[in-house]
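As they're listed, the protein sequences go chains A and V. Sequential numbering of the first sequence, starting at 1, is according to our numbering. Sequential numbering of the second sequence, starting at 1001, is according to our numbering.
These are computed hints drawn from the structure, not numbers from a lab. The structure presented is a predicted model; accordingly, all values stated were derived computationally and were not measured. C-beta: ideal position from N, C-alpha, C; glycine also. Accuracy of the hints is not assured; some may be wrong.
[What the hints assert, rightly or not] Examples of chain A residues lying across from chain V (beta carbon under 7 Å, computed): (1) Arg133; (2) Asp208; (3) Ala298; (4) Leu299.
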Amino acid sequence: MRHFLLFLLTLTLAFLALSAGRNWLSPPELLEALLGGPQGVGRMVWSLRVPRVLVGVVAGCCFGVAGIVFQSLLRNPLASPDIIGLSQSAALGAVVALMAGLPIMFGAWVGGLSAILLLAWLAGHPRHGIEPRAVVLQGLGLAILSGAATEALILRAGDNDAGMMMTWLAGTLNGAGWPEVHDALWLVLIMVPLLLSGRTIDRLELGDDLARALGLRVGFLRATLGLNAALVVAGAVALCGPMTFVALAAGPIARLVCYGRPDPIAAALAGASFVTIADMLARSFSSMALLPGGLYTALIGAPILILAVRRQARRETS
Amino acid sequence: MFSRLGFLWLVVLLAFITALFIGAQDYSPAVLWQAIRAYDPGDAAQVILIEMRLPRALTAVTVGAALAVSGLVMQALTRNPLADPGLTGVNAGAALAVVGGLWIFGPLPRSLIATLAITGAAGAVVLVRMLAGGGDNTLRLPLAGVAFASLCMAIVSFIVLLNPEARNVYRFWMVGSLTLADTSALLTLAPVVLVGIGCALLISRQIEALMLGTEMGTALGVSADRVLSVGLLSIALTAGASVALAGPVSFIGLIAPHLARRIVPRAGLAAQVLLACPMGACLALLADTAGRRLVRPGELPLSILLAAIGAPIFMLLVRRILRESA
């Protein structure tokens, strides 16, 4: 039921996003344009707005689901991929691939996967295994390192490329078309195991011993879920750049809706709504049309992050 | 201790002279000698050396020392070895105050910009400290800082992107670099940094007493509130001044205190403050020189080079701290 309501919310927002833009369409106009095929307004809607909204929804789902999986695996409401450096590393890989003329998605995947392997190695302890706290702290360092490397690369690029890449690095859906929708469909396939992992991550949160007693293969599940989530988030970065704070905000919102349980489907829908709203804001203010959507996600998401820190601090000290 | 201090300042002097010669164009020492003996404003090489590189190198020394002291005081007060004005969002808070002030009021005189930066830094210290809460904050302090910093920097880029002319001026300052260094700003802010370092020296004994625990400190006759407020003043003055000069620069405040502690492991806080100054200055000079040398004729901002060196050091520190606590 809750999923259905969230789905309805996402759908409404998506339709709103279809009619929003420099010239607003009323619902009947939008319907006519969608059904009327590729002429006049319909052409603009089908070739520009529909792919853009679709890519945004899929990327938002990716960020949301990866966010809650990492937050749950690392037992920290702040440990989303953009805080622990996965998004930044994926973006670094994507920029390198872009400069070398390789497919962006490939570069982002290489970046994201090597980041998570590096973190696992850095945070691993010969006797205690991988400690969540260590992953988060090492991730903070990794985020800064990858961010600096990307900035250094961008400064070396020509002025034209640099402006484009700076916008992309803040996270934007500018330039999303049908080829990107094609890539996004693959990501939906890769995302399916994560969407279905709700019961598993809920049990993993009980702690290793209890989860083992319930018959889960803790180490194997952690590794596969982590790698899968890294792939998903890197793919989303390749689609629309590292939209900050989407992954981070989706998790707490999903928990709020689902009475504290980690629910990947709710998180995915929350992420999709979040990206759709941000992109709508970015497009509607025509004087600021050049502002990337990622700025809006940061402005909305950062207060949520701060509230989450505050709550965590209160819980731990009390 | 004093021999080590002298040696460190000697290294700073060497780095300083190197910074003068190396850049988009390398010069021989003879040019500097000529410029000192008889300065000739018609000679391009001498003008570059004296008008551009000298203020820049002096700014690097000031910023480095300021950040090192600010990080050291922060680490001592929060009892967190990972505290740094960059990582805790203090620099970002100061940058937001500066950019916001410029946006609202238009062009401002240097002294007002400095005041804005210092106020922003002080506000950020208080806010982040509140966010991180009490108790063991090894993890929460940097997390809260990163959160706060990203919020501030998002607003800063929002403002800067809305003003194209501001973007061109502040593009490099925003990420943290010395491109805007000039003599008048330095003359306004160097005294501020000195006052900040003086505050740190003044309360170093009291901070040490408090590090034994608040009750123990009170028993030794130290007022915790007074120490905290003077410490806060010291952090705000040094971090704020460095932001006004060079934008938000991370990691000097993290690395320099650790290096200082390595050199004099048993010395008191005052000695660490004195040693951290040349250490920070040296780091800033070397990073800036390397940044100008690596991508001629362009330059890599100071902050990017420091992040490339500093982030791995941060990660190593984390590894050691967590090993010790485990």
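How the hints compare with the structure:
Restraint check, Arg133(A) versus chain V: the minimum CB separation of about 6 Å is within 7 Å; hint holds. Checking Asp208(A) against chain V by beta carbon gives a least distance of about 16 Å; that is not within 7 Å, so the hint is violated. Below 7 Å, beta-carbon pairs count as interface contacts, and Ala298(A) has one with chain V at about 4 Å; its hint therefore holds. Contact between Leu299(A) and chain V, as hinted, is supported at the beta carbon level, the nearest pair being about 6 Å apart and thus within 7 Å.
Hint compliance for this structure: hint 2 is the single one not met.
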